[in-house]
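Chains as they are written, first to last, in the working numbering: chain A, 1 to 112; chain B, 1 to 116.
It should be emphasised that the hints constitute simulated quantities derived from the structure, not laboratory data.
In this text, all values refer to a predicted model and were calculated from it rather than measured experimentally.
Accuracy of the hints is not assured; some may be wrong.
Result set (SDA-like, lysine to any residue): computed pairs, CA atoms no more than 25 Å apart in a straight line [what the hints assert, rightly or not]: (1) B/K57 - A/G104; (2) A/K42 - A/V110; (3) A/K56 - A/P112; (4) B/K11 - A/Q45; (5) A/K71 - A/S26; (6) A/K42 - B/Q84.
Only part of the chain A face toward chain B is listed, based on derived beta-carbon distances under 8 Å [stated by the list, open to error]: (7) L8; (8) P9; (9) L11; (10) Y25; (11) A29; (12) G43; (13) P44; (14) F89; (15) G94; (16) N98; (17) M99; (18) L100; (19) F102; (20) R107.
Each residue gets a CB set at the ideal place from its N, CA and C atoms; glycine is no exception.
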Amino acid sequence: GESVGLHLPTLSVQEGDNSIINCAYSNSASDYFIWYKQESGKGPQFIIDIRSNMDKRQGQRVTVLLNKTVKHLSLQIAATQPGDSAVYFCAESGNAGNMLTFGGGTRLMVKP
Amino acid sequence: DTGVSQNPRHKITKRGQNVTFRCDPISEHNRLYWYRQTLGQGPEFLTYFQNEAQLEKSRLLSDRFSAERPKGSFSTLEIQRTEQGDSAMYLCASSPRGGGQGYGYTFGSGTRLTVV
Chain A
1 GESVGLHLPT LSVQEGDNSI INCAYSNSAS DYFIWYKQES GKGPQFIIDI RSNMDKRQGQ
61 RVTVLLNKTV KHLSLQIAAT QPGDSAVYFC AESGNAGNML TFGGGTRLMV KP
Chain B
1 DTGVSQNPRH KITKRGQNVT FRCDPISEHN RLYWYRQTLG QGPEFLTYFQ NEAQLEKSRL
61 LSDRFSAERP KGSFSTLEIQ RTEQGDSAMY LCASSPRGGG QGYGYTFGSG TRLTVV
């Protein structure tokens with residue numbers, strides 16, 4: 001498959017460790033945030049989202065933290081698995097999800 | 001209906017030719033979006049439809065680009081007089097009408113355009 005993001009920042013973790021991927025956003029009016037996972041040759045896959053009236057939301061093995069004061073978003077993946085290897089993008093929206101603005105992406109590599 | 005479907009998956013065209021891509025959204029979703037993604041970058045918004053109405057267009061959508069959703073179901077994106085700078089992955093997404101958490105904004109696998 002075709003590689004997504006040849007020159008992206010890379011986070012390399014050992015299988016079983018926890019991963020933290022960070023994202024800074026610029027629009028203080030954004031009220032909705034999403035994390036996507038993208039594998040080579042595929043479209044972005046929804047992982048988890050959060051509204052601006054929350055600062056934490058948990059899913060299965062994933063947690064999103066939102067710090068509106070410093071406009072920072074993070075994705076925590078527990079017990080990282082080889083199948084988690086992909087490029088991760090954060091996205092923000094200020095108008096109920098009509099148009100998403102994506103960040104630059106981080107490549108996660110999981111070492112067995 | 002297993003998701004958002006895009007065709008073709010890959011398209012190679014000569015500079016100056018016209019190309020058309022198709023997107024079939026999730027059937028119960030009334031919103032449809034087009035994005036463009038170049039290598040190393042996140043997707044960039046191009047345009048979106050609510051049913052058959054095109055409600056927003058990005059400045060990235062030059063006059064050579066046109067999108068339609070004639071019956072509020074599938075959509076087409078046409079690029080006329082293609083240029084090498086049009087080479088990218090064109091992604092389609094759909095969502096139900098907004099409200100609440102988890103908008104169900106689902107992307108297709110994209111059409112990879114290469115202009116030679």
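(Q) Check the structure against each numbered hint from earlier and tell me which ones fail, lowest number first. (A) Hints 3, 8, 9, 10, 11, 15 and 20 contradicted; others consistent.
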